[in-house]
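Model the full structure from these sequences, guided by the hints.
The listed protein sequences correspond, in order, to chains A and B. Each residue of the first sequence is one higher than the one before, counting from 1 in my numbering. Each residue of the second sequence is one higher than the one before, counting from 1 in my numbering.
Everything labelled a hint here was simulated from the structure, so no lab data went into it. Just so you know, not all the hints are guaranteed correct.
One copy or two, it doesn't matter: identical chains are merged, so the pair holds either way.
[As the list claims (entries may be wrong)] Below, simulated SDA-like cross-link-like pairs (lysine to any residue); rule was C-alpha separation at most 20 angstroms, straight line:
| hint | residue 1 | residue 2 |
| --- | --- | --- |
| 1 | Lys125 | Glu508 |
| 2 | Lys567 | Phe513 |
| 3 | Lys504 | Asp569 |
| 4 | Lys582 | Arg183 |
Protein chains: 2
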Amino acid sequence: MYRTHNNGELRIQNLDLKVKLCGWVQKSRDLGGMTFIDLRDRFGITQLAFNENFNKELCEKARKVNREWIIEVEGKVKERSSKNSKLKTGEIEIEVSSLKVLNEAKTPPFTIEDETDGGEELRMKYRFLDLRRGPLQNNIILRSKMSMETRNFLDKNNFLEIETPYLIKSTPEGARDFVVPSRMNKQQFYALPQSPQTFKQLLMVSGFDRYYQIVKCFRDEDLRADRQPEFTQIDCEMAFVNQQDVINTFEGLIKYLFRKILNIEFENSFPLITYDDAIEKYGSDKPDIRFDMSLNYIDDLAKGKGFNVFDQAEAIVGINIPNAAEYSRKKLDELTDWVRRPQIGAKGLVYVKYNKDQSFKSSLDKFYDADTLKKWAEKCNSNPGDLILILSGDKAIVQKQMNELRLLMGERLELRDPRVFKPIWVVDFPLLEKDEETNSYHAMHHPFTSPKSEDLKMLNSDPSKVRANAYDLSINGVEVGGGSIRIHDRNIQEKMFEILGFSKEEAENQFGFLMKAFEYGAPPHGGIAFGFDRLCTLFGCKENIREFIAFPKNNQGRDVMIEAPSKIDKSQLDELGISLPKIED
Amino acid sequence: MYRTHNNGELRIQNLDLKVKLCGWVQKSRDLGGMTFIDLRDRFGITQLAFNENFNKELCEKARKVNREWIIEVEGKVKERSSKNSKLKTGEIEIEVSSLKVLNEAKTPPFTIEDETDGGEELRMKYRFLDLRRGPLQNNIILRSKMSMETRNFLDKNNFLEIETPYLIKSTPEGARDFVVPSRMNKQQFYALPQSPQTFKQLLMVSGFDRYYQIVKCFRDEDLRADRQPEFTQIDCEMAFVNQQDVINTFEGLIKYLFRKILNIEFENSFPLITYDDAIEKYGSDKPDIRFDMSLNYIDDLAKGKGFNVFDQAEAIVGINIPNAAEYSRKKLDELTDWVRRPQIGAKGLVYVKYNKDQSFKSSLDKFYDADTLKKWAEKCNSNPGDLILILSGDKAIVQKQMNELRLLMGERLELRDPRVFKPIWVVDFPLLEKDEETNSYHAMHHPFTSPKSEDLKMLNSDPSKVRANAYDLSINGVEVGGGSIRIHDRNIQEKMFEILGFSKEEAENQFGFLMKAFEYGAPPHGGIAFGFDRLCTLFGCKENIREFIAFPKNNQGRDVMIEAPSKIDKSQLDELGISLPKIED
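So this is what it looks like as structure tokens:
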């Protein structure tokens, strides 16, 4: 046995106990006659004491030990003369009687401290060392707790964990499938699942009633900071449920996680908003409601006063920035530049200062008098001392831009504290999105989402007006989960594929098994999936999901530590029956 | 809300309660004035009663409902006149006041009963229906329980669940990797993991101390009945442990699972046997110890008596079959044919009947007298009334053949009850296997397994004698788990790769990251992996792992329900930069 205790558990109560400990040398201090070593593992730090007068040879051995070496010691628990209240073990130290070096260590390429001096590239290459740092250890431990508590809740609520296959069928319309050539079935390919969607629906048809899985999914798309080619979902499905049942159940899960992980209690139901209202009020279907600053439409108060830009705009939208009337010209110019950046794409920014003395100052003073501006201010719930920022143009575009500006201002006014959590359900999503270029429809969620029964009649006449039984949960402006009630009727499913541009043959070829399943007694069912990487990141009060994944890929989809992906042997390619034609750069 | 209760929970205590139920129609019976429907879900069956006198229209509606239809009913809980003690709900029925058909169902292509009339091929195609059958439902539910209890145990024992990547690097020597072409890194490939081995070792280097994951692994090899291209492992690793620590911890897990899942208590430690002893005693490194019938070496008692076959044999091995002295000639001939089949490959079978009257009758009566046979019988622990079966030849081959014969005889004597569980640890495996053809060495477990320190000195001189710190757990002749203490020293790891025929460059290219990790403070560590599909199958007292996987592949690695793998579009191939040359059949 290498150890009797870990480095986080010894206390003053253990005085004079003979113990054996192992761990990493965090640091050592040489104080003349005494040498101290901080011994570390993931449970904590224990101080080791070596007294030159007591055992000179041992003390000299201890002095040769360097940072990150692995040692094993035996000794007795003693009370410390100078206690350290920051450590759980801070009242004791180990009077060491023997020391064994289990493994030496080179000097790490960056410091193993909470704040390190290593750049991201270097730390990714030495991920196994970066993961030793306190913040990353805590993130990975948090994730492990999140997953266990999720399972505890779902298990208690009669959900069965059922594994669905990873080697499935590629569906052309899905695009961005990772494919896997089969050696046994040469020149045929599996695909890795983008989600277990169809399988979990089949499990409902099979009668498993409640299913869940914490499962890897895969998408071969260009990566952004918060995307990974492989990502983890809490994937769930329930039979005999309507939208409210699913919402109740998973609001329960999220509340449970907040209670268990962060000790935060949500007494009331999470607020719920329709998609249309969310867009109208926040310009976003995942609104950050930690702060108000909602969108105000001042079209009728601003048009017809000779300002051409507003007169021609479909929408004129203002948001109120509290206590910002004293913003300098420079600050306002900088904001104007910000909204003009191509990522936002506004033509300009109009401001109205509602000064503390109740006077107004705006960039459009020559078009609008104080009385008019006062009406704007009323509409925007603006008080003396506030600043109104206004964008105009095509309504949908302005809403998007305003969402970005709102989030920026929330950030600048420090209204987006990552330790404050504001969940909101967004419901009644449109079933379809129209691609104006190709004049075709895409499913907003996926092709299996059920239309609202009261909107079914518009499926032929006015598809874009049809609402879906679909819902998202957003927390602090992050979409953490989304789901829907599914179609469980073959005819409606066929109709959906038709609207989405599938030929009968394509639909049958790709999803025939699911439509067939609907013919043999399919219950009404629905579900949800949570982005687990994001949920952990949110609970950890951070933004970069990579810090919550033990071995993430970089922005090029590469694991720079193991150097994957990489070339493979010609013999391997031959066995698979594939070849690599010369490609031009 | 579709229902107030499920179909397994109503009891006599709920009398007169108004309830709403949903489910599948298991069957309906029309008894003149009354119609009864058995309503099914995974929780149970509840009887619905419709009285023609009470509500004629409703009763007629109920009569039109067919098997596997989905219905929703409202009604009151009433006491049944004829109770059914086999059902949990057998004391009550629902006096139905309203009935709604939620979905109709075609007649299934096979009966949804515990014993079905559908062939395997058909049931695989309609897996979603097959999964409705009681035995399969129970298997999948058992699996879900096994996984939750495994997590409960490991969580309580300070193991962290940490996800390792699925898109990793292909290693040529591993062979049988599934590879995944990358679109972003054209003509480069990821591989799907055959196990998370190197990652879990890195997690130990990172200081996570105890890791686990219930994780899919992948191997593209020719399939047997108990193999799947994707399979699930309980994968674990611990730092600062020796072999006994790992064995203690995971014996704890297995005992816990037996207690929680099957209510079986193991009071004593599992027996432990060395690899050499297991081979000597049972001819197998995964012995089935539910019955004795061990191997006895009678070389010194059988040689030099003029029977040429024995005289030239390296080993002469007998097993004792209790109470089988009265086997007929026909039965013995059939056994002889059995051992002569190419799968076994013995040249012949010698028998000695130790008759009840203490006389002997053997197939070699002209070479051996009763006194000699008596000595054989003593060596084989044979009693009057028993039968001794003897094989001879090359020792290693005879041991293998004897293992097969022993298992067969155990089966025939009904000594292998699947509801009796006999675990055994097998330890001290050889580190290396010599391939006599190529005169090269393979790792018996994998290249990261640590040699026993006392055998290290033979690593150069006599590699095949070196024993590993490796251990397997077998239950009832099934290897359910295996693991080892790993190498944590760069020099020994390099040496291993050298012995396994890696050039320095190859070793560095493929496993440089791991060897580098060993230089920065790697703790001693070891672990184990359990085959979860097999473990569930064993706990379910069955043999075919496919019955414990929701959506398994067939023997050709195909999912015949979704038709995967399949051809993919040329455009998709082009995007990946790969092409499919014409291949000859």
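These are the hints, each one checked on the structure:
1. For the homomeric pair lysine 125 and glutamate 508, the shortest alpha-carbon distance between copies (15 angstroms) is at most 20 angstroms, but the shortest distance inside one copy (46 angstroms) is not.
2. Within a single copy, lysine 567 and phenylalanine 513 get their C-alpha atoms only as close as 36 angstroms, which misses the 20 angstroms cut-off; across copies the closest is 17 angstroms, which meets it.
3. In this homomeric assembly, lysine 504 and aspartate 569 come within 20 angstroms of each other (Cα to Cα) only across copies, at 18 angstroms, whereas the closest approach inside a single copy is 41 angstroms.
4. For the identical chains of this complex, lysine 582 and arginine 183 are inter-copy neighbours only, at 15 angstroms across copies versus 23 angstroms inside a copy, given an alpha-carbon limit of 20 angstroms.
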